[in-house]
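Novice: The C-terminal position of the sequence shown is numbered 190 in my numbering, with every residue numbered one higher than the one before it.
Check each hint, because a few of them may be wrong.
Restraint ranges, calculated between C-beta atoms of paired labels, are given here [to be verified]:
(1) Arg154 with Thr182: 26 to 36 Å
(2) Ala52 with Gly155: 34 to 44 Å
(3) Glu121 with Ala14: 38 to 48 Å
(4) Asp71 with Phe166: 16 to 26 Å
(5) Val90 with Arg43: 13 to 23 Å
(6) Phe166 with Asp42: 25 to 35 Å
FYI, nobody ran anything at the bench for these hints, they're computed from the structure.
We put the CB at the ideal spot given by N, CA and C, even for glycine.
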Amino acid sequence: MTGLYESHASHPFPELHGYGLRLRPWDVAAGADVEAWLRGYSDPEFKRWNTPLKPVEDRHGARESMRARARAAEEGAGASFCVTDADSGATLGHIGINDVDHVIRVARVGYWVLPEARGRQVATRALTLAARWAFDEFGLHRLELGHGLGHDASCRIAERCGFPYEGTLRGAMFEAGRHDAFRDLHLHARLATDPEPTPKQEPKPK
-15 MTGLYESHAS
-5 HPFPELHGYG
5 LRLRPWDVAA
15 GADVEAWLRG
25 YSDPEFKRWN
35 TPLKPVEDRH
45 GARESMRARA
55 RAAEEGAGAS
65 FCVTDADSGA
75 TLGHIGINDV
85 DHVIRVARVG
95 YWVLPEARGR
105 QVATRALTLA
115 ARWAFDEFGL
125 HRLELGHGLG
135 HDASCRIAER
145 CGFPYEGTLR
155 GAMFEAGRHD
165 AFRDLHLHAR
175 LATDPEPTPK
185 QEPKPK
């Protein structure tokens, strides 16, 4: 009998193109990808708002973290994309469709942007592109986006991408750098039936 998640798995996930971006799978065998993953997880702004169960502190930890995401993809329980510039190919960040529940067709989205790529609406464009794929191709009905209370940038990204605020969940995520203390979480969500916003594409340099 085919397992529930196996029947929804896609091998490999496709590349996604749009809004000046190319979203492709991460390559654990590529040194540049491992280095970018490590930089993303080591960034102080990432650590301020995210506390992974297993810290990523070196290249070995980065590879293990990437392999865990790859296993989730193989099981149909998630999809992780390296966000790159469509023209230059430069790595800009990450976006993931995580914790997929295929019974009620819901998942959580997460993303980070490298410091040098901030201020260009990379997360907004990547989230819009990934959400379209998750609804139209991956068959999801609901996407949830949660962030720590006070993370105003994520609030703005969520609203721009059609994820309205739904409420505050008390003590629903770890405090920064701790697994023994908790903080409140802002919950945003978008349904497949909601209208899709059109983010502004980054203007070409003159």
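Novice: Out of the numbered hints, which ones does the structure contradict?
Specialist: 2, 3, 4 and 5
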